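Chemist: Read top to bottom, the protein sequences are chains V and A.
When you line the first sequence up against the numbering used here, it's residues 17 to 382, in that order.
When you line the second sequence up against the numbering used here, it's residues 17 to 382, in that order.
No lab work stands behind these hints, which were simulated from the structure alone.
Keep in mind it's a predicted model, so treat the numbers as computed, not measured.
Hints should not be assumed to be uniformly reliable.
Since the list gives no way to pick one copy over another, a pair counts as held whenever it fits inside one copy or between any two copies.
[Unchecked claim] Below, computed lysine-lysine pairings styled on PhoX-like, alpha-carbon distance capped at 25 angstroms:
| # | residue 1 | residue 2 |
| --- | --- | --- |
| 1 | K65 | K170 |
| 2 | K170 | K206 |
| 3 | K306 | K169 |
| 4 | K168 | K282 |
| 5 | K65 | K163 |
There are 2 protein chains.
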Amino acid sequence: MNVNGRRYRTIWLKETDHTVVQIINQLALPHAFEIIDLRSVEDVRRAIKDMYVRGAGLIGAAAAYGMYLAALEAGEGTFEADILRSAAILKNTRPTASNLAWAVDRMLIKMVPGTSVEEIRLVAQAIADEDADSCRRIGLHGAEIIKTIAAKKKGEAVNILTHCNAGWLAFVDYGSALSPLYAAHDSGVKVHVWVDETRPRNQGASLTAWELGRHGVPHDLIPDNAGGHLMQHGMVDMVITGADRVTRCGDAANKIGTYLKAVASKENNVPFYVALPSSTFDFNMRDGLKEIPIEERDAAEVRYISGKTKSGAIETVQICPDSTSARNWGFDVTPARYITGLISEQGICEASEQGILGLYPGGTRT
Amino acid sequence: MNVNGRRYRTIWLKETDHTVVQIINQLALPHAFEIIDLRSVEDVRRAIKDMYVRGAGLIGAAAAYGMYLAALEAGEGTFEADILRSAAILKNTRPTASNLAWAVDRMLIKMVPGTSVEEIRLVAQAIADEDADSCRRIGLHGAEIIKTIAAKKKGEAVNILTHCNAGWLAFVDYGSALSPLYAAHDSGVKVHVWVDETRPRNQGASLTAWELGRHGVPHDLIPDNAGGHLMQHGMVDMVITGADRVTRCGDAANKIGTYLKAVASKENNVPFYVALPSSTFDFNMRDGLKEIPIEERDAAEVRYISGKTKSGAIETVQICPDSTSARNWGFDVTPARYITGLISEQGICEASEQGILGLYPGGTRT
Chain V
17 MNVNGRRYRT IWLKETDHTV VQIINQLALP HAFEIIDLRS VEDVRRAIKD
67 MYVRGAGLIG AAAAYGMYLA ALEAGEGTFE ADILRSAAIL KNTRPTASNL
117 AWAVDRMLIK MVPGTSVEEI RLVAQAIADE DADSCRRIGL HGAEIIKTIA
167 AKKKGEAVNI LTHCNAGWLA FVDYGSALSP LYAAHDSGVK VHVWVDETRP
217 RNQGASLTAW ELGRHGVPHD LIPDNAGGHL MQHGMVDMVI TGADRVTRCG
267 DAANKIGTYL KAVASKENNV PFYVALPSST FDFNMRDGLK EIPIEERDAA
317 EVRYISGKTK SGAIETVQIC PDSTSARNWG FDVTPARYIT GLISEQGICE
367 ASEQGILGLY PGGTRT
Chain A
17 MNVNGRRYRT IWLKETDHTV VQIINQLALP HAFEIIDLRS VEDVRRAIKD
67 MYVRGAGLIG AAAAYGMYLA ALEAGEGTFE ADILRSAAIL KNTRPTASNL
117 AWAVDRMLIK MVPGTSVEEI RLVAQAIADE DADSCRRIGL HGAEIIKTIA
167 AKKKGEAVNI LTHCNAGWLA FVDYGSALSP LYAAHDSGVK VHVWVDETRP
217 RNQGASLTAW ELGRHGVPHD LIPDNAGGHL MQHGMVDMVI TGADRVTRCG
267 DAANKIGTYL KAVASKENNV PFYVALPSST FDFNMRDGLK EIPIEERDAA
317 EVRYISGKTK SGAIETVQIC PDSTSARNWG FDVTPARYIT GLISEQGICE
367 ASEQGILGLY PGGTRT
């Protein structure tokens with residue numbers, strides 16, 4: 017992705033020293049663009065745990081690179097024990113993120129005796145490359161939907177609403193929900209994005225707005241409360257969000273608040289799409305509302321907000337009375353019946369078991 | 017209403033000096049409880065304009081007291097001209113608030129030659145008293161709905177979601193949406209309130225949470241994004257909001273985001289009530305979506321948030337990139353078909369022309 021004219025991924029090996037993993041510090045965005053060096057499994061653990069990196073695809077890639085650093089750190093006589101300990105440490109950083117365990121396991125099965133550190137590095141890079149390529153292909157498929165809408169708008173911008181950040185910052189590159197927007201914009205289609213600020217962590221305001229700005233895609237930040245009003249007045253042509261987990265029947269868990277937008281979309285006949293790489297499907301689950309576990313996070317995320325003061329310092333402020341308690345569920349589930357279609361790197365399908373199995377015969381990831 | 021055991025209204029005449037109007041400074045809440053003296057029409061103008069006082073009923077009462085101060089200020093030979101100038105100044109503070117012009121006009125028709133300043137003061141006090149009494153009666157009617165739900169919950173708390181602040185801080189006392197909760201709570205019904213923080217101005221986090229806390233009503237602050245998830249999981253028994261304007265057919269304009277909660281309520285069979293004093297009805301309008309003007313406010317309210325730092329100072333922080341533009345519609349319209357019922361001081365009715373005309377024969381305020 018472009019940042020002020022230069023091409024970036026969210027994670028990479030340092031060009032001059034392949035034993036160092038570099039990441040963009042997402043906690044500093046949007047007020048500072050910082051690159052951080054990760055030199056050990058402990059560095060990677062802290063980066064995932066404290067959310068210097070976040071987003072399904074990026075967490076997976078970070079864990080893969082973390083396992084490569086684990087191989088560098090492992091003692092000659094204790095290689096297997098050291099590697100397994102590192103794997104457990106990385107998996108435990110964010111237990112609900114499915115990509116994390118998936119990436120660690122995919123590294124482990126290649127880290128058999130006799131495999132060189134160089135070969136292990138290539139596996140981690142392949143996981144990152146694959147994530148970027150899946151997202152690129154999601155963009156190509158999704159852009160076709162945007163182009164179809166654009167054809168009816170007679171030169172007016174296609175207004176697309178998105179919630180949270182499912183952009184390149186959540187993956188290695190391109191993103192899931194935002195990839196179609198970038199592809200459409202780059203091919204000359206006029207798009208305009210309504211960016212939900214996405215309380216409580218404000219990933220829309222801090223990450224999506226920043227991404228779109230760097231890439232030059234027209235957009236406006238709105239409170240999460242505004243989307244229904246915009247839909248009622250014909251100011252939203254489509255909604256695209258990412259997903260944290262999608263069941264084999266098409267129910268989608270995503271950032272809290274997604275469901276409210278999906279319900280309003282259906283009421284107002286606004287197409288509602290969910291974009292995801294294959295790794296986000298959970299073919300073992302059917303009923304998302306009953307089966308997908310919803311993480312409850314720290315109430316402090318609701319009670320406090322961070323930002324930049326007039327003097328340029330980063331400050332945290334409390335927005336409620338001292339004695340007020342808060343609750344903070346991280347995700348909600350949008351039942352399949354509200355979803356117009358799913359966009360994966362394999363193509364576009366109906367959010368239903370039949371639709372999904374059409375893209376994934378046998379109900380397995382490719 | 018009770019604040020730390022003492023009874024308050026939001027506006028009153030100073031006990032020791034009836035030429036001074038006193039208000040609670042709502043800009044300082046929830047971090048400080050400050051009382052401000054208003055000694056002139058200019059003081060009242062600034063208090064309304066800069067939102068030291070806000071909320072339909074309270075703005076009306078403030079304007080009424082402002083007209084009383086206008087009578088005190090008016091010159092003997094220029095009484096009529098001075099009064100009319102003050103009326104225009106007060107009406108222009110917030111042109112979309114219907115209670116404001118209504119209260120000023122109601123004062124004007126009593127300020128005929130020969131009326132004493134004492135009599136004028138009594139009219140202003142009557143307007144304030146009437147606002148408080150209407151809200152008290154809304155509470156009695158609405159509490160019956162809560163009691164009916166409580167009877168089915170077998171001792172468990174009735175979970176009520178509310179959006180924005182339609183409590184006593186928005187009126188002279190009691191409030192509209194919160195009045196039924198206070199009445200139910202005071203009569204021993206177990207209630208628990210989900211307080212939408214209500215971005216962008218956070219009236220839920222700063223005012224509703226504070227009010228409920230002072231009165232001892234159990235509550236939790238939630239992001240505006242959470243309500244749908246709670247409804248899907250049976251954790252909301254009813255929704256009550258206030259309204260800024262309700263048409264003769266029952267369409268209700270209220271704080272932006274109300275519509276999303278109303279749509280989700282209908283999807284999940286959660287009763288959705290709108291509470292309002294008679295003064296909020298607009299019998300001249302039918303189709304709220306087409307006819308009710310929606311104010312667009314300063315984008316800065318979306319881009320910045322204020323709160324209390326760790327050191328206790330009040331600070332404003334920017335939550336998005338420097339270059340990000342934002343849009344900020346203050347209200348949305350919930351069509352009558354999503355509203356289970358309207359609660360006014362006259363009683364409870366269906367949100368329809370027939371229902372409303374049943375409470376207001378002839379389509380006029382009482």
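Chemist: Which hint numbers doesn't this structure obey?
Modeler: Result: hints 1, 5 break, sorted rising.
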